[in-house]
Structures are given as C-alpha cells and as structure tokens.
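Chain F is already provided as a structure; the job is to place chain Y on it using the hints.
Going down the list, the protein sequences come from chains F and Y. The first sequence: position 241 = 241 (full-length UniProt numbering), numbered continuously. The second sequence: position 271 = 271 (full-length UniProt numbering), numbered continuously.
Heads up, some of the hints might be wrong.
To be verified - With a straight-line cut-off of 25 Å between C-alpha atoms, the simulated SDA-like cross-links for lysine to any residue are:
no.	chain 1	residue 1	chain 2	residue 2
1	F	Lys153	Y	Phe54
2	F	Lys153	Y	Lys85
3	F	Lys153	Y	Pro33
4	F	Lys153	Y	Tyr28
5	F	Lys153	Y	Asp56
6	F	Lys153	Y	Thr269
7	F	Lys153	Y	Leu43
8	F	Lys153	Y	Asn250
9	F	Lys153	Y	Ser62
10	F	Lys153	Y	Thr287
11	F	Lys153	Y	Tyr268
12	F	Lys153	Y	Glu159
13	Y	Lys236	F	Phe141
14	Y	Lys85	F	Met140
No lab work stands behind these hints: they were computed from the structure.
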Amino acid sequence: MTATLPTSDPGTRRRPPRTSAVRVRRRGTDAPNRPVTVILVVASLAVLVPLYVTVAMALKSPSQAAQGNAFAPPWPIDLHNFASAWRLTHFPTSFAISVAVSAGTVLGTLVLSSLAAYAIARNWDRRLFRWSFFYLLGAMFLPFPVVALPQIKLTALLSIDNPVGVTLLHIVFQLSFSVLLYSAYLRSVPAELEESARMDGASTGQIFWRIIMPLLGPMNATVGIFAFLASWNDYMLPSLITADPGLQTLPVVQSIFQSQFGTNYNIAFASYLMAMAPTVVVYLFSQRWVISGVTQGAVKQ
Amino acid sequence: MTVPSPLPRRAPDTPRPGRRHRVEPIYYWFLLPTLLLFTALVLAPALVGIFYSFTDYVGFGSWQFTGLTNYIAVFSDPSIWSSYKFTIGFALVTVVLTQTTALALAVGLTQRIRFLTTLRSIFVIPMVISGIVVAYVFNYLFANSLPSVAGAVGFGPLEQSILGDPDLAWVSIVIVSAWQTIPGALLIYIAGLLSIPDELYEAAALDGASAWRRFRSITLPLIAGFVVINTILGIKGYLNAYDIIVALTNGGPGTSTSSVAMTIFTGYTGGDYAYQMANATVFFVLTVVVSLLQLLATRGRGLRL
Chain F
1 MTATLPTSDP GTRRRPPRTS AVRVRRRGTD APNRPVTVIL VVASLAVLVP LYVTVAMALK
61 SPSQAAQGNA FAPPWPIDLH NFASAWRLTH FPTSFAISVA VSAGTVLGTL VLSSLAAYAI
121 ARNWDRRLFR WSFFYLLGAM FLPFPVVALP QIKLTALLSI DNPVGVTLLH IVFQLSFSVL
181 LYSAYLRSVP AELEESARMD GASTGQIFWR IIMPLLGPMN ATVGIFAFLA SWNDYMLPSL
241 ITADPGLQTL PVVQSIFQSQ FGTNYNIAFA SYLMAMAPTV VVYLFSQRWV ISGVTQGAVK
301 Q
Chain Y
1 MTVPSPLPRR APDTPRPGRR HRVEPIYYWF LLPTLLLFTA LVLAPALVGI FYSFTDYVGF
61 GSWQFTGLTN YIAVFSDPSI WSSYKFTIGF ALVTVVLTQT TALALAVGLT QRIRFLTTLR
121 SIFVIPMVIS GIVVAYVFNY LFANSLPSVA GAVGFGPLEQ SILGDPDLAW VSIVIVSAWQ
181 TIPGALLIYI AGLLSIPDEL YEAAALDGAS AWRRFRSITL PLIAGFVVIN TILGIKGYLN
241 AYDIIVALTN GGPGTSTSSV AMTIFTGYTG GDYAYQMANA TVFFVLTVVV SLLQLLATRG
301 RGLRL
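Just chain F, with the same shape it has in the complex:
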C-alpha cells in the first residue's frame, strides 16, 4: 500500500477529480506507484526465468542443449523432443492416470466431506457427531510420513497398491481440512430454507442434493481446487504406494530422466514442460476462480 512508501502526488499525471483536495489512499491515487511497479516487475523474473528456461530448453536441439547456456533462445527449434518425451514417459498412460487420480480425489473429497459436514452440522448437539468431527480433525496430527510405512503394507495387502489406493489415500488426507471448511460454511446457511422444503415433504436426502449442495457452490470450488492441486502435484504418496512403475502418475514418471537419460536435457525439459503445462494453462484461464477459492479456504480456516 502507498502508506508504506512515498506516495506520488495525485494529479501529476491525470487531472484529479475536482472535489478531492488531498487524497492519500491506497487504491485511490490516480498515478500508479512507479518504484513499486519496477521492483515487482524485477521480482517477477524469479518466477518467469525458470519457466522461460523450461520452455527454451524443451525447444532446443540436442547439440544446442549440450552447449550449456540455458538462457540462450532456442534456435533452430526442435520439436522432436516432445515426441521422444511422449514415448519415454508413456505420456498418454501417465497423463490419464494422473487425470483419473485427481478427478477421483476431487469427486470423492467433495461428496464425502460435504455429506459428513452436513450430518455433523445438523446434529451438533449429539455427542456422536460432535466427537466424529474432532476425530476427523485429528488427521491434522497425522501427516503422510508418520503413517506411510503401515499404509504401504496395508495397500499391498488389500491389492490397492495402485492408482486406486493412491486416490483413496489422497481423499483421506483431504477429509479433515474439507470437513472443517464445509462445517464453517454450513453455519451461515439459514435453516428456514430447509424447513420450508421439509414442510413440502422433501426428505433429508433430497434437501441435501437439491438445496444444500447448490448453496455450497463457492465452498465446493475451494475444496475442489485444494484437493486437485494436492493430488495432481503429489509425488511422495504415489511414488511410495504404487508398486507397478507402469501405473505411475505424471510427476513420478519424470524421475526417469535423472538416471537413464541423464544428459538429454532437451528431452527431459520437454517432458517437464508437458507435465507443467496442463495446470498452468488451466490456471491462466481460471485464475480469478482459483485465487478467490484459495483465499476463501485460507481465510475461513
């Protein structure tokens, strides 16, 4: 805010509105704050340069990549890297598995935690429901590394040491946070809405799906975005749970470039780019949504 930095005089660039005398406002001054803009543009290079290097390296020919100047623009542009990366990572398979795991995680988290939160919120006066809430909250004390070893054994025992098990575990690790968010939100939903529906003879199930679920819209977005990002980007859990390397998710298969193809940086970067691009592109098109969703989730906490 301008409060922390020298405020540029309003009116040097554009005519101030006639009514205002001295205006020292954060978002109200007319002239953009130049020094801050410059500092932030420079700082944004910290984000942009690694991304640029990824794109540039992915487009380089093997000989140019071997020269070692990561910042040089790619020339001539070599698109073979993507074909090689596609083959080496079995891209269609690993991409499909990643999509299935994240979609399953989002869907499972949304349905299970909203149902549970609704039951808890409407029966808060019953000990069973109250205790269930705190029981679920306990998961915050159990991060994956603590329970990893027994979970690896358990999933193997149940023959779910595969994407199914990964999905279930991703859901489970989202549950406590999501139930917390939903219950906080359900508090603001007035009971009158439900009561009039109940008068009309609607069952609790119908009320949940027809009235509560649509009302939960913004919270669904928040819970869904958190669940998606956690699942799609995770390396730790799938790398340990999934036994068959052929069934690994997109982030996990990237590790093949560390050993087998150690010097083919151009192919490795093409693969990294293919792993990053989907979420970055989706984010760029839905950023308002993502940003408000994440902010809501964080603030509601």
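Leaving out everything else, chain Y in the frame of chain F:
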C-alpha cells in the same frame, strides 16, 4: 479462524443440548463412509505402526516385543539426529524467508501499480506446478547454469554446483521450497491487507505518521493473525519435506540434506521397519506439538474473519 469449533455452540435452529432430538437415520449414512475410510486408512495403520515400533519387526515374518529398544536406539542414532536438525532448521529458515518475501510482495501487490492483474497472476503460478518438476528444473539451473554464470563473471564461490557442497546444498532446497510456497502465503496476505480499512491509513497520514511507522503500527498488528496462520501452516508443510529434496540432492551430499520423511521411508526398503516406525512415532509427537502451538496461537486472538 478458531480451529476447533467452527459451529456455534448452539445454533438458533438446532435443539439445545440436553433436549436431545431424534437423529434421522440417514445422517448416520452421510457420516459413515467418511468415518470408515478414515479409520481403515489412517487410524488403523497408525495404530498398527505404533504397535510395531515396540517390536523387532523387519517388515515381514515373525517378530518379538523389544520394549523401548527402538526408541532408545533412535535417540542415540546420529543420522536420525542429523535428519531432525536438518529438517527443523530447514523449516525455520524457509518459513522466515517465505513469510517475509510473501508479505513484501503482498504489500507491493496491494498498491496502485501498473500491470497489477498480470503481476498477481504471475506470482501465483508456482502454486499450480508440481514441486518435484520445479525442483528438477532448478536442479539443472543449480548444477549447470549457476556455475557457468558465476564462472563468466568470475565469482569463485559459486563456480562449483552448490548441490554438491555439503555446506550449501540446503540453500538450494530452501530456495526451491520458498519459490513453490510463497504464492499460497501471498494470497493470504493480500486478503489480509485488503481487509484493512483505508481510513486508518488516511488518519495516520494526516497525523504525520511516516510510511514505516504506518506499516509497523497499523499494518503489522492488523495482519498478525494472518502471519501466525501462515507461519504455522508453513512449518507443518516444511517438516514433511520430501519431493523437492529428492529432486535436488536426494539427501546428499552424504546425508547432509536428508529429511525426517526421507529417513522414515528408508524403513520400507532398508528392512528396519520397526526402527523407523519408532522414528515416525517420535516425528508424530513433534507434529502434535506444532499443531498444539497452532491452536494456542490462533485461539484468544480476536480475529473476526
């Protein structure tokens, strides 16, 4: 913001405690799947794992009770001590770096500046990229680009890859972790800063308070709650550090950057299942302590969020 009870003690619509209403059976069905899944996949494995930490189980075959032997061994194991030292130190350094950077950026991004929307969306990008992929990219930058840049400008200390330097490798992990986690903290700070009414700044400016004074006396106290939440969430995340380390140093050189999570996972391949479960149980206690600090820190603050 108070974590433990998001529900009013007594919502206007729900019957008072004491005058118990009849629970419609369908509510049990709403709750049951979540409870079952949670019990089967988290609580049961956790209990089994803690049970085995008191045995000499190697991951298969027979086992015998050994009492506290594993715990005594864990506490006298230099490699485990060093993993805790590294992990806690890394978490503290990273959280300070991340929070100060995120707060500074958030202050900048709530100014009236050019390219505001573009800049905001750029700074959030790292949040949507997988940590391990980011770390692979940075691995290349640290191993190849940084040394060649340092060589070109004649800056001796960085001409060797910092990833291979036992004293500096941890810095690379801090940088990449910060790169990836700043956006989340940044969004929370932006929300916090925007919730401060402009009038406060106007009044302070009229009273002649300097910019720094206004930041210290208005901004900081009013976003203190956000700082606490961000710090605690950050530390909890960094304590589980794994992905980024795997991609950057894989715990090396030697074991200088081996985190607690990495050490625990060796119990899976290394045949010391029970031993590492004892380690995991100790780690669990550490997590509980951090979480309790979270509850203490957030409770009692009159934050109306």
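Are Lys236 (chain Y) and Phe141 (chain F) close enough, with their CA atoms no more than 25 Å apart? holds (10 Å)
Does the structure keep Lys153 (chain F) and Thr269 (chain Y) at a Cα separation of 25 Å or less? holds (12 Å)
Check the hint pairing Lys153 (chain F) with Pro33 (chain Y) against an upper bound of 25 Å on the C-alpha distance. It holds: about 22 Å lies between the C-alpha atoms, which stays within 25 Å.
Decide if the proposed pair is consistent with the structure: Lys153 (chain F) and Glu159 (chain Y), CA atoms, cutoff 25 Å inclusive. Violated, at about 45 Å.
Is the hinted pair Lys153 (chain F) and Lys85 (chain Y) satisfied, with a Cα-Cα distance of at most 25 Å? violated (29 Å)
Measure nothing beyond the straight line between the CA atoms of Lys153 (chain F) and Asn250 (chain Y); if it is 25 Å or shorter, mark the hint as holding. Holds - the C-alpha atoms of Asn250 (chain Y) and Lys153 (chain F) are around 24 Å apart, at most 25 Å.
Tell me if the straight-line CA distance from Lys85 (chain Y) to Met140 (chain F) falls inside 25 Å. holds (23 Å)
Given the hint that Lys153 (chain F) pairs with Tyr28 (chain Y), does the C-alpha gap stay at or below 25 Å? Roughly 30 Å separates the two Cα atoms, so the pair is violated.
Given the hinted pair Lys153 (chain F) and Leu43 (chain Y), is their alpha-carbon gap at most 25 Å? holds (14 Å)
Holds or violated: Lys153 (chain F) to Asp56 (chain Y), with C-alpha atoms at most 25 Å apart: holds (16 Å)
Taken at face value, is the distance from the CA of Tyr268 (chain Y) to the CA of Lys153 (chain F) at most 25 Å? holds (9 Å)
Starting from Lys153 (chain F), check that the Cα of Thr287 (chain Y) is at most 25 Å away, please. holds (23 Å)
Checked against the numbered hints above, the structure breaks hints 2, 4, 12 and satisfies the rest.
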